[in-house]
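> The lines below spell out each chain.
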Amino acid sequence: MFAQLISDIGSLWEKYGSVYLNGIANTLILATVSTLIGCVIGFFCGILQTIPCGPNENVIKRVLLKIVRIVIRAYVEIFRGTPMILQAVFIFYGLPYFFGVSFKDIWTVSIIVVSVNTGAYMAESVRGGIMSIDQGQFEGAKAIGMNHWQTMLYVILPQTLRNIMPQIGNNYIINVKDTSVMFIIGFSDFFAVHKMVSGAVFKYFPSAFMEMIGYLCLTLLASFLLRKLEKKLAGKPDYELVNTDQLVMTAGTYSYPSEAGSPFDEVSKDYKGEKK
Amino acid sequence: MSDHILEIRHLSKAFGSHAVLKDIDFTVDKGDVTSIIGASGSGKSTLLRCINLLETLTTGEILFHGQDVTKGKINQSSYRAKVGMVFQSFNLFSNMTVLANCMIGQQKVLKTPKEDARNKALYYLNKVGMAPYINARPDQISGGQKQRVAIARALSMEPEVLLFDEPTSALDPEMVGEVLDVMKSLARDKMTMLVVTHEMAFARDVSSHVVYMADGVIEEEGDPSVIFTNPQSLRTREFLKRILGD
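Here the protein sequences come in this chain order: A and B. Counting in the numbering used here, the first sequence tops out at residue 276, every number present. Counting in the numbering used here, the second sequence tops out at residue 246, every number present.
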């Protein structure tokens with residue numbers, strides 16, 4: 001029984017190996033690119049949704065922000081609440097239907113559909129991630145004069161990214177698998193290869209078996225790499241004291257200003273005088 | 001024009017129907033070290049947060065060199081850059097090293113070139129004795145060290161006034177000293193400071209002016225030697241008696 005399966009797989013691989021590999025490559029490229037774009041969309045929505053808006057702001061800003069929030073809300077609900085396979089059909093066949101524009105390039109449509117879909121999920125993850133950041137981080141940034149964009153870009157989002165890395169990983173793995181629905185508009189991903197090959201040679205199970213193993217390998221590899229990335233984002237577990245920089249005092253000779261004053265009190269006068 | 005750096009006029013703040021600050025008036029001049037003392041819940045921290053515009057005031061004005069900063073959003077960021085703040089809970093950016101914490105504001109808000117920002121950051125980190133730790137992240141150093149870095153971060157912006165919101169309240173007793181020593185050295189450098197504190201010794205010995213607050217109003221203010229030895233108000237007397245325990 002197993003011997004049969006193995007010989008079937010062997011013959012499939014011999015004949016269609018490169019086609020399968022090409023499908024794997026397409027799946028990986030689509031999933032990776034779309035997840036990255038989806039993250040950008042998600043972060044962008046996250047920043048827009050968290051722009052502070054007190055009752056003292058002017059009316060135009062308040063109305064605009066309200067509209068932005070409604071639009072993002074609608075976007076999230078629609079793309080999270082409908083199957084991606086239908087979204088693909090809608091965009092691929094719907095746009096020519098209404099506007100007469102049609103997509104020549106399957107890649108473009110596929111990337112748009114998967115990115116926008118991922119973005120809808122990411123928008124919520126990012127919003128949750130931003131809300132989980134300690135309020136003090138926002139205040140610390142405001143207190144040194146940063147505006148909302150600077151606060152977000154340099155302080156909040158890097159921490160958010162670190163916190164929602166597991167969710168991004170989730171989305172990536174889901175995308176590796178779920179891009180298989182893009183066969184509906186003719187995208188030749190890993191799963192589409194299965195449909196094509198098994199239709200041609202009538203070896204459904206051996207091909208499906210290969211697909212299963214293939215997808216599992218892809219997602220295992222992805223999990224492994226994501227874990228590595230997560231560790232990297234967490235930063236180095238230890239640090240070195242710096243004693244070699246000429247501007248840095250030797251550690252141990254001076255810990256903090258004593259009752260008698262810091263050795264820098266005098267310097268500080270010079271420093272300030274020098275500047276003026 | 002007056003030489004007051006900060007002038008608080010008729011400042012009131014209410015959270016809903018609960019009035020936290022009622023008609024606060026006082027001024028801060030260059031080189032002043034003003035301590036704000038008072039029981040918990042008397043509105044000290046809220047006052048400081050109002051001054052840094054972290055809370056919106058209900059009524060009143062805050063004049064910075066004679067200019068009202070509560071109206072017109074344009075100069076809010078540049079105002080905050082000139083008024084440094086040190087928080088009770090440090091609020092160091094946890095995604096950055098100690099050095100980056102002291103550089104980011106200079107680079108992004110003041111647009112200081114990287115090399116200058118680094119030099120200035122190192123200068124002030126040296127001043128608070130934290131320069132060897134430039135590569136550490138905030139979660140790798142102790143509370144007292146964090147607060148000293150937070151002070152260096154605020155100083156790196158070279159503000160005209162430095163606000164301290166109970167800078168030692170979240171610290172273990174043994175770390176309080178190192179932070180207070182840094183603050184004392186700033187006072188010797190004639191840094192203008194506004195300090196909300198429970199450290200009565202600091203208020204008495206270091207500050208040039210003491211403000212006692214109770215229930216959202218300034219009950220009494222004046223020279224520390226007068227407030228601590230001969231308070232005029234009954235409430236001040238009772239508060240000091242309770243706190244100093246004699």
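If you're looking for bench data, these hints aren't it; they were derived computationally from the structure. Be a bit skeptical, because a hint or two may be false.
[Unchecked claim] Listed below are the simulated DSBU-like cross-link pairs for lysine-lysine, each with C-alpha atoms no more than 35 Å apart in a straight line:
(1) A:K236 <-> B:K241
(2) A:K15 <-> A:K232
(3) A:K177 <-> A:K203
(4) B:K30 <-> A:K232
(5) A:K236 <-> B:K111
> Please go over all the hints and tell whether each is borne out by the structure.
Against the structure, the hints:
no., hint, result
1, A:K236 <-> B:K241, "50 Å, violated"
2, A:K15 <-> A:K232, "41 Å, violated"
3, A:K177 <-> A:K203, "22 Å, holds"
4, B:K30 <-> A:K232, "47 Å, violated"
5, A:K236 <-> B:K111, "29 Å, holds"
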